[in-house]
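**Q** What follows is the residue order along each chain.
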Amino acid sequence: MAARSLRRSNPITLLLALVLFLGFLVFLLSPSTPSSSSSVLSSTSKAVKTKPGLRKPIKHFQLNHVKTTSDPASNHERVLILTPLARFYPEYWANLLKLTFPRELVELGFIVPKTREGNAALAKLEAAVKKVQTGPKKNRFHGVTIMRQDFDTPTPQNEKDRHALAAQKLRRAAMARARNSLLFTTIGMETSWVLWLDADIIETPPTLIQDLASHDKAVIVPNCFQRYADTDGTKKIRPYDFNSWHDSPKALEMASKMGNDDVIFEGYQEMATYRSLMAYERTEGGDVRLETPLEGVGGTALMVKAEVHRDGAMFPPFSFYHLIETEGFAKMARRLGYQPYGLPNYLVYHYNE
Amino acid sequence: MFPRHSHAPSNGHAYGSSNTFSISPHRFQPRTRPALRWRRQLFVKIGVIALFSSIILLLIFPSFRDILLPSLGLGFILRDDPLLNTVKHYDLSDTQGTARGWERGERILFCVPLRDAEVHLPMFFGHMRNFTYPHHLIDLAFLVSDSKDQTLAKLKENLEALQNDPDDKIPFGEISLIEKDFGQKVKQDVENRHGFAAQASRRKTMAQARNWLLSAALRPYHTWVYWRDIDVETAPATILEDLMRHNKDVIVPNVWRPLPDWLGGEQPYDLNSWQESETALALADTLDEDAVIVEGYAEYATWRPHLAYLRDPYGDPDVEMEIDGVGGVSILAKAKVFRAGVHFPAFSFEKHAETEGFGKMAKRMRFSVVGLPHYTIWHLYEPSADDLKHMERMEEERKSKEAAEKAEKERQAKLMENYDDPKAQWEKDKQQIENAALEAKKAEENKDKNLVGGAAGPHAHAGEGEAQGKSGNQPAKVGGNV
Chain Y
1 MAARSLRRSN
11 PITLLLALVL
21 FLGFLVFLLS
31 PSTPSSSSSV
41 LSSTSKAVKT
51 KPGLRKPIKH
61 FQLNHVKTTS
71 DPASNHERVL
81 ILTPLARFYP
91 EYWANLLKLT
101 FPRELVELGF
111 IVPKTREGNA
121 ALAKLEAAVK
131 KVQTGPKKNR
141 FHGVTIMRQD
151 FDTPTPQNEK
161 DRHALAAQKL
171 RRAAMARARN
181 SLLFTTIGME
191 TSWVLWLDAD
201 IIETPPTLIQ
211 DLASHDKAVI
221 VPNCFQRYAD
231 TDGTKKIRPY
241 DFNSWHDSPK
251 ALEMASKMGN
261 DDVIFEGYQE
271 MATYRSLMAY
281 ERTEGGDVRL
291 ETPLEGVGGT
301 ALMVKAEVHR
311 DGAMFPPFSF
321 YHLIETEGFA
331 KMARRLGYQP
341 YGLPNYLVYH
351 YNE
Chain Z
1 MFPRHSHAPS
11 NGHAYGSSNT
21 FSISPHRFQP
31 RTRPALRWRR
41 QLFVKIGVIA
51 LFSSIILLLI
61 FPSFRDILLP
71 SLGLGFILRD
81 DPLLNTVKHY
91 DLSDTQGTAR
101 GWERGERILF
111 CVPLRDAEVH
121 LPMFFGHMRN
131 FTYPHHLIDL
141 AFLVSDSKDQ
151 TLAKLKENLE
161 ALQNDPDDKI
171 PFGEISLIEK
181 DFGQKVKQDV
191 ENRHGFAAQA
201 SRRKTMAQAR
211 NWLLSAALRP
221 YHTWVYWRDI
231 DVETAPATIL
241 EDLMRHNKDV
251 IVPNVWRPLP
261 DWLGGEQPYD
271 LNSWQESETA
281 LALADTLDED
291 AVIVEGYAEY
301 ATWRPHLAYL
311 RDPYGDPDVE
321 MEIDGVGGVS
331 ILAKAKVFRA
341 GVHFPAFSFE
351 KHAETEGFGK
361 MAKRMRFSVV
371 GLPHYTIWHL
381 YEPSADDLKH
391 MERMEEERKS
401 KEAAEKAEKE
411 RQAKLMENYD
421 DPKAQWEKDK
431 QQIENAALEA
441 KKAEENKDKN
451 LVGGAAGPHA
461 HAGEGEAQGK
471 SGNQPAKVGG
481 NV
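Residue numbers (the UniProt record's numbering), protein chains in the order written: chain Y, 1 to 353; chain Z, 1 to 482.
By construction, these hints were calculated from the structure, which means they are not laboratory data.
Note that the coordinates shown come from a computational prediction; the quantities given were computed from them, not determined experimentally.
Among the clues, some could well be false.
Computed cross-link-like contacts, DSS-like style, restricted to lysine-lysine with a CA-CA straight-line distance of at most 27 Å [as the list claims (entries may be wrong)]:
(1) K98/Y <-> K235/Y
(2) K56/Y <-> K156/Z
(3) K138/Y <-> K67/Y
(4) K169/Z <-> K154/Z
(5) K59/Y <-> K169/Z
(6) K236/Y <-> K98/Y
(7) K442/Z <-> K430/Z
(8) K59/Y <-> K399/Z
(9) K406/Z <-> K389/Z
(10) K442/Z <-> K428/Z
(11) K414/Z <-> K430/Z
(12) K56/Y <-> K169/Z
(13) K131/Y <-> K114/Y
(14) K98/Y <-> K59/Y
(15) K98/Y <-> K137/Y
(16) K114/Y <-> K124/Y
(17) K148/Z <-> K169/Z
(18) K442/Z <-> K67/Y
(19) K148/Z <-> K67/Y
(20) K130/Y <-> K114/Y
(21) K389/Z <-> K399/Z
(22) K430/Z <-> K56/Y
(23) K59/Y <-> K148/Z
(24) K59/Y <-> K156/Z
Please model the complete structure; the sequences and the hints are all you need to start from.
**A** Structure below.
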């Protein structure tokens, strides 16, 4: 009977049925959010789940043998590059791909806020990651972890709002939390170094990792500048990140008078700290290997030995000695006995909005 | 058009159209070939369409590969996909934690820091087997540091047995064993461990070990983190669910320990779970930046309400109490607490370190920190040096008491003998006198024997006199008493 009715039916009807059937399948099987990312996401989170009776082997790790030396490339030390990503700049990715450090030793970690902007950034990031990771084997990174944030970022991330003093504490606290979430879930058994590289750092020397590691310091930060065009069109550079500084008696005195939860921020007229900023310590044509001990560090580009983080140094999302986020991190590292250093003449460049 | 041959029907019927009404229902009619062919063609068509559509699906939607291929037994094609192997996606809002995690497949990271703990392992693994939380949802992470005994080897042995258990419900999820030495200076025996002076630096190293363990083992798919000491003697097998049900960010049970009767039977053990007090805050302000307040020592009188002292053995085990400091024997915390950056300060954080600092920091980041005063687990009792001395003294006392009793009884027996049996005594004396010459010789021999025995058994010295007394006087004593 079925055969007869099929035979009688029009080919167009059959085609229609096929199309409908396909549409139904797509409707049934496709994930609820129509982005390509979440489909991958659902598959990976499924892979994580285990069934009872699945006998996994015992893994043995020797953390005594994880070393951090001044020559990480030839000593096969694993470097973890962490980036809190609110926007995706192609220049950032291009610069990342230019780094000469062997990629089989590099792991990448990203955390993306759950906003409309974040979705857009995520889509671009995934396309970029896919291109590299499906490419030739020698160009692939050792691993890439992409995470969605589990809390809201309080203020919109545009340049003007971002730097308003009132919004600073909330914004920096959320940023600190994002950094911690990223750090503590991605730092693995083999990680030797952690390089914090902000998503808006678009130009660094290609040997960034080797250069920073060669100083063999627990925490080391290059000077973050920005390229801009002057009114007459000449290209110039200016300091950008003011979070790397030496403490001043004035700032300490301010801190001592503050309430428990208050935070000192750098670079605001309302709050003159008289700290000496590494951003202004650069000398034209000076020695790029010049080191200077710091009390506060910025996070735009920041190289940290994994043991500092493992000992517990994190980015305080609360007022820690009246400091927060990366500046608080520097203080915590110092409390744990690690001295941060800065390189005033070694430059990395920030995106110019 | 009119058919050319009247016998060749145009509608595909095998029979002549002339006899339209002459079909006999009793005659067997084989199926017509065209219908069969048509059916086969239909199957082929459907097959082709299905193949075509699945290929289209695979081409257009790469995500179908993950669904279709493994179900068709072609999973091996996926294994080479670098995107699946090297790129991992997680949404941290999936791992927030709920009150009924076991129903929703929430994974627990089970952290155990160890040092020279070989002797406690059998007891610990007894507990491990008993947990009622689905074992495959629990990932184990052990950190063995500065151990001089066979902790690591024994641990591996036990874990191997656990994973290879014939019961499918016993094996756990991922198991990581981490070796890391921190160069511990303080020896890990009870006296040193709890001495006041050693506390601060000991706790800082402990904190360091905990942080290393957590940061290396925590993954984005963990929803809960459970910290458990190896030397817990008794705890409910449902402890994970019991603590989880409260749905708090950080939660600890009350920790007591059983004691020998002469010490009172039981005692609060973990004094690190407490509520902050004004006195302690004032004390903290007077202290040096690096000072660490430790609870339970006379040096720092903090007057804090301790979770341990608030226990009522018959109280409701679900009663909660807000606390600020946390003890580390058994902590259940949501993974998001650790992801936010809360850790075990290996420096003096608000004058506290390790688990107490952890509680303080969690509070600082506005997480809920709660203790259950009437839900008790029991820590192993290890006699301290003081206790051991006390026990020795008690043992000596017991012995001297026994000896005194014995001497008393001996004396009594002698008296009885003397008063009750004068005739027998006379008889004996008579015989003794008669055999005086023989006795002298015998006595000489006995003397020699005693000397030899004394020299041979110096180790039996303490009990010797007693034993001799016993063997010699027992019958007389019994007789005397009756």
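**Q** For this structure, which hints from the list above don't hold up?
**A** 8, 14, 17, 18 and 22
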